[in-house]
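Trainee: Listed here are the chains, written in short residue letters.
Protein chains: 2
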Amino acid sequence: MYKTSIFSYTLNTNVLQPKMVVARLKNPSPRIGHCTKVPRNSNMEKLQHGYLFPEIERHEHMHLQKYPHANIIDLGIGDTTEPLPTMVTSSMVDFVLGLSTSKGYKGYGPEQGEQALRKAIADVYYKDLGIKPTEVFVSDGAQCDITRLQLLMGPNLKIAVQDPSFPAYIDSSVIIGQAGDFVDKVGKYKNIEYMKCGPQTNFFPDLHKASRPELIFFCSPNNPTGHAATRKQLEQLVDFAKVNGSIIIFDSAYSAYITDDSPKSIFEIPGAREVAIEVSSFSKFAGFTGVRLGWTVVPEELLYSNGFPVVHDFNRIMCTCFNGASNIAQAGGLACLSPEGFRAVKSLINYYMENASILVNALSSLGLTVYGGKNAPYVWVHFPGSKSWNVFAEILEKTHIITVPGSGFGPGGEEYIRVSAFGQRDSIIEASERLKYLLYQEEN
Amino acid sequence: MYKTSIFSYTLNTNVLQPKMVVARLKNPSPRIGHCTKVPRNSNMEKLQHGYLFPEIERHEHMHLQKYPHANIIDLGIGDTTEPLPTMVTSSMVDFVLGLSTSKGYKGYGPEQGEQALRKAIADVYYKDLGIKPTEVFVSDGAQCDITRLQLLMGPNLKIAVQDPSFPAYIDSSVIIGQAGDFVDKVGKYKNIEYMKCGPQTNFFPDLHKASRPELIFFCSPNNPTGHAATRKQLEQLVDFAKVNGSIIIFDSAYSAYITDDSPKSIFEIPGAREVAIEVSSFSKFAGFTGVRLGWTVVPEELLYSNGFPVVHDFNRIMCTCFNGASNIAQAGGLACLSPEGFRAVKSLINYYMENASILVNALSSLGLTVYGGKNAPYVWVHFPGSKSWNVFAEILEKTHIITVPGSGFGPGGEEYIRVSAFGQRDSIIEASERLKYLLYQEEN
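Protein chains in written order, with UniProt numbering: chain A, 1 to 444; chain B, 1 to 444.
I should point out that these hints are in silico values taken from the structure, not numbers from a laboratory.
Repeated chains share a single entry, so a pair holds when one copy, or any two copies, can fit it.
In silico PhoX-like links for lysine-lysine, alpha-carbon gap of 25 angstroms or less: (1) K158 <-> K188; (2) K374 <-> K346; (3) K232 <-> K37; (4) K46 <-> K158; (5) K196 <-> K37; (6) K374 <-> K232; (7) K346 <-> K103; (8) K436 <-> K387; (9) K196 <-> K185; (10) K185 <-> K387; (11) K242 <-> K158; (12) K119 <-> K132; (13) K37 <-> K190; (14) K190 <-> K209; (15) K37 <-> K209; (16) K158 <-> K37.
Let the sequences and hints guide you as you build the complete structure.
Mentor: Below you can see the structure in the form of C-alpha cells.
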C-alpha cells in the first residue's frame with residue numbers, strides 16, 4: 001500500500017514556497033524617483049497571494065532551471081489540449097475570410113452577443129429550460145464575467161463560497177471590496193463565508209450552519225473537487241436562497257462533463273429563475289480556452305430587494321464595461337451548437353473523461369482516496385496528514401508532474417491535490433506510469 | 001448662408017427623448033413574485049442615462065418604424081466599415097486552421113498577451129520610446145481596459161475628465177463608486193471634475209482652474225472633438241500631473257489618425273513614464289472593432305504614494321479579472337504590426353481620413369463652424385444656441401442621417417454634434433449631398 005509518509009519530508013530549499021513569492025511581490029525592489037500622490041487601492045493591498053496558476057508556473061520555471069532536461073507533464077492548470085473539430089474551425093475560417101470582403105466585414109456587434117448565438121445557447125444548451133435569448137449575455141469567458149458580476153453587485157454584500165473553490169470568486173471579491181481583512185491564523189478573509197464542502201457532507205455545504213449570505217458562489221461540477229451537486233442538493237440550495245433572499249451565482253463551466261443524471265444547469269431546479277444567475281463557458285465545453293468565449297444567464301424574474309430586475313443592471317454593465325466577445329469566437333461558438341458541432345465537441349469531452357478514468361484508476365491502485373473524475377475532468381486526491389504544497393512539491397521533484405495543491409483553493413483543500421485530466425493520451429498514460437513507479441521506489 | 005434657426009423647431013413628439021428612455025429604464029414594469037433581499041448596488045442606481053450609443057440605436061429603431069423605407073446613413077457610432085487587409089485575415093486563417101491540428105492547437109495563453117505581440121507593440125507602435133514588452137498588457141479593447149483600470153484604482157479617488165469626453169470614463173467611474181451623486185441642475189456628477197475643453201482654450205483644459213485630481217482621463221486625439229493635443233499641451237499636462245501627484249490615464253485609441261506632428265503617445269513627453277498609463281486599441285487603428293483587441297501600457301516607473309509600482313497591481317488585475325485576449329485576434333494584431341500589415345492598415349486609415357475631408361468640406365460649405373477631421377476620424381460641428389439632441393433629431397428626421405448629439409459626451413458638448421468619418425465612400429458622399437440639399441430646402 002501507498003505510504004503517505006513520503007509526503008512529510010523536509011522541503012528542498014531550492015523550491016520557492018508561496019510565502020517567499022508573496023514576500024517578493026509585496027516588497028518589490030525599492031524605487032528611487034517620483035512617487036505620485038495616489039494611494040494604493042486598499043482592496044488590492046488585501047490580496048494575499050499571487051494568483052494560484054501564475055504561482056504554479058513560477059514553480060515550474062524553477063524546476064526547469066534545476067532540471068533543464070526534465071520532461072514535465074502538466075496536469076496543473078485545466079487547459080484543453082486537443083485540436084478543435086474542423087467543422088468549428090471551418091466556420092471561423094469562413095467568417096475571417098469574410099472580414100476581408102465588403103459583404104462579410106463586420107464591426108461592432110451587440111455588446112450582449114450576436115442574436116443567433118444568444119438564441120442557440122438558449123435553445124440548444126438550455127433546451128426545454130425556458131431560457132430566453134435576451135437573458136443570455138455572451139462574453140469572453142466565465143472568469144471575466146465573475147468580475148463583471150462583482151461590479152454589478154458592488155462592495156457592500158456578504159458573500160459565501162464553497163471551500164474549496166475556484167480562486168477567482170474570492171480574489172474578485174477582495175478586489176471589489178467585499179472581503180474584509182485576511183485572517184492569517186485561519187487562512188480566510190473576515191467577511192467571506194467559507195462553506196466547507198468535504199467528503200463528510202458529500203461535497204455539499206451544511207446549510208444549517210450557514211449565515212445569511214447575500215451572494216452564494218456555487219460551482220457544479222465543482223472545481224477543484226470534481227463533485228457534481230445532485231438534484232436534491234441543488235433543490236436544498238435553491239430553497240436556502242429563496243428563504244434567505246440570497247442570489248446564487250452558479251458556475252456551470254464544467255457541466256458538459258456530467259455523465260450521470262446530476263443537473264447540468266441550476267435552471268433545472270424549480271424556482272431557480274427567482275434566485276440564480278448562471279455563468280458558463282465554451283472553454284472546457286468546446287476547447288475554447290484560448291479562443292475565449294463564455295456567457296452568463298440572468299433570468300428576468302431575478303429581482304433586487306426593491307423589485308428592480310437584476311437583468312437591467314447587468315445589461316448596463318455589459319454595455320459600459322465590455323464591448324462584445326470577438327465576433328470570430330462567436331462564429332466558432334455558433335458552430336459548436338449546431339447538431340454536427342455539438343456531436344464533435346461531445347467526442348472531445350469523452351476523450352478527456354477517458355483520461356480522467358485512467359488517472360482515477362492509477363491513483364486508486366496506489367491506495368489513495370480519490371474523488372472526482374466521474375462528472376468532471378478533475379481528480380481530487382486525498383493525502384491525509386500532509387500539506388498540499390508539500391505533496392505538490394514532492395510530486396514535481398520526483399516525477400516532473402505538475403499538479404495543483406488543494407490549499408490553493410481555500411483552507412478546505414488542505415491535504416488534497418487536484419489532478420487535471422486535460423492532456424494528450426500518451427502524457428496521461430506516462431504520468432500514470434511515473435506515479436506508479438514513484439510508489440514502487442518508495443516501497444523498495 | 002446656413003440658417004441655424006431651423007434647429008430650434010419644436011420636436012416631433014413621436015421621437016423618444018432621452019428623459020423618456022431613462023424614465024422607462026428606471027421604472028420597469030412592476031414585477032409580481034419573489035424579491036431577493038439583495039439591495040440594488042447604489043453605484044448602479046446613480047447611473048443617469050442609458051449608455052449613449054444604445055440610446056442612439058433606440059432612436060434609429062423608432063425612426064425606422066416611422067419611415068420603414070428610409071435609407072439611413074449611420075455617421076453615429078464610430079464603427080469601422082472597410083474590409084480588413086487580406087494579409088491580416090490570412091494570418092488569422094492560418095492560426096485558426098492550426099487550432100484543428102495537434103501542433104497548432106493552443107489553449108490558454110498568458111493573461112498579459114502573447115510575448116511576440118507585446119514585443120511588437122513595444123517595438124513597432126512605440127518605436128524608439130523605450131517601452132518594454134513587460135509594460136504592455138494586451139486586452140480585448142480599450143473600453144474594457146478602462147473598467148479594469150477603475151478596478152485597479154478603486155472607489156476612493158477623485159477623477160477629472162475632459163468635457164466633452166468619451167462616456168465610458170464617467171460611467172465606469174460611477175459604477176466603481178468614485179462619482180458621487182448626479183447634480184441635475186448642472187448635468188454633472190458631484191465628485192467628478194469636468195475640465196472644459198472647448199475652442200476658446202484650443203480644446204485643452206485650463207489647468208490653472210483645476211483642483212488636484214488623483215486620476216486624469218485624457219483622450220488624444222479626442223473623442224468627440226477630434227482635437228489632437230499639441231506637444232506643448234501634453235507637456236503642460238505631464239507637468240501638472242507631476243506637480244500634483246496625479247496619474248494620467250491617456251487614451252490614444254485614435255493616435256494612428258494623427259497627420260501632423262502632434263504626439264501619438266503620451267510617452268513622447270519626457271517624464272510621462274512617472275505619471276501616465278496609456279490605453280490603446282486595434283479597433284480604429286486596424287478595423288478590429290468586432291475582432292476585439294487592445295492594450296494598456298503601465299510603465300515601471302509609475303508608483304503609488306507608498307512607492308509600490310502600479311504595474312504589479314495591474315498585472316494582478318489582468319490575471320484575476322481577465323483571461324487573455326482571443327488568441328485568434330492576437331494573431332491578427334501581430335500581422336498588423338509587420339511591415340506589410342502596417343502599410344495595409346495605414347491605407348485604411350487614409351481612406352477614412354479622406355472621408356473626413358469630404359465631410360469637413362461639405363459641412364464648412366454650409367457656413368458651419370467645424371472642428372476635428374484633421375487628426376481624427378471625427379468631425380465636431382457647432383450649432384450655436386441649439387440643443388444638440390434637437391440638432392441630432394432634426395438631422396435624422398430630415399436627412400435620415402445618424403449623428404451623435406454632443407451633449408451625450410458631457411455638458412461641454414452641448415450645441416455640438418459629432419459626425420463620424422467611418423463609412424463607405426459612397427455613403428459619405430451621399431450624406432454630404434443630403435446635408436447640402438437640406439440647406440438648399442431651408443434657403444428656398
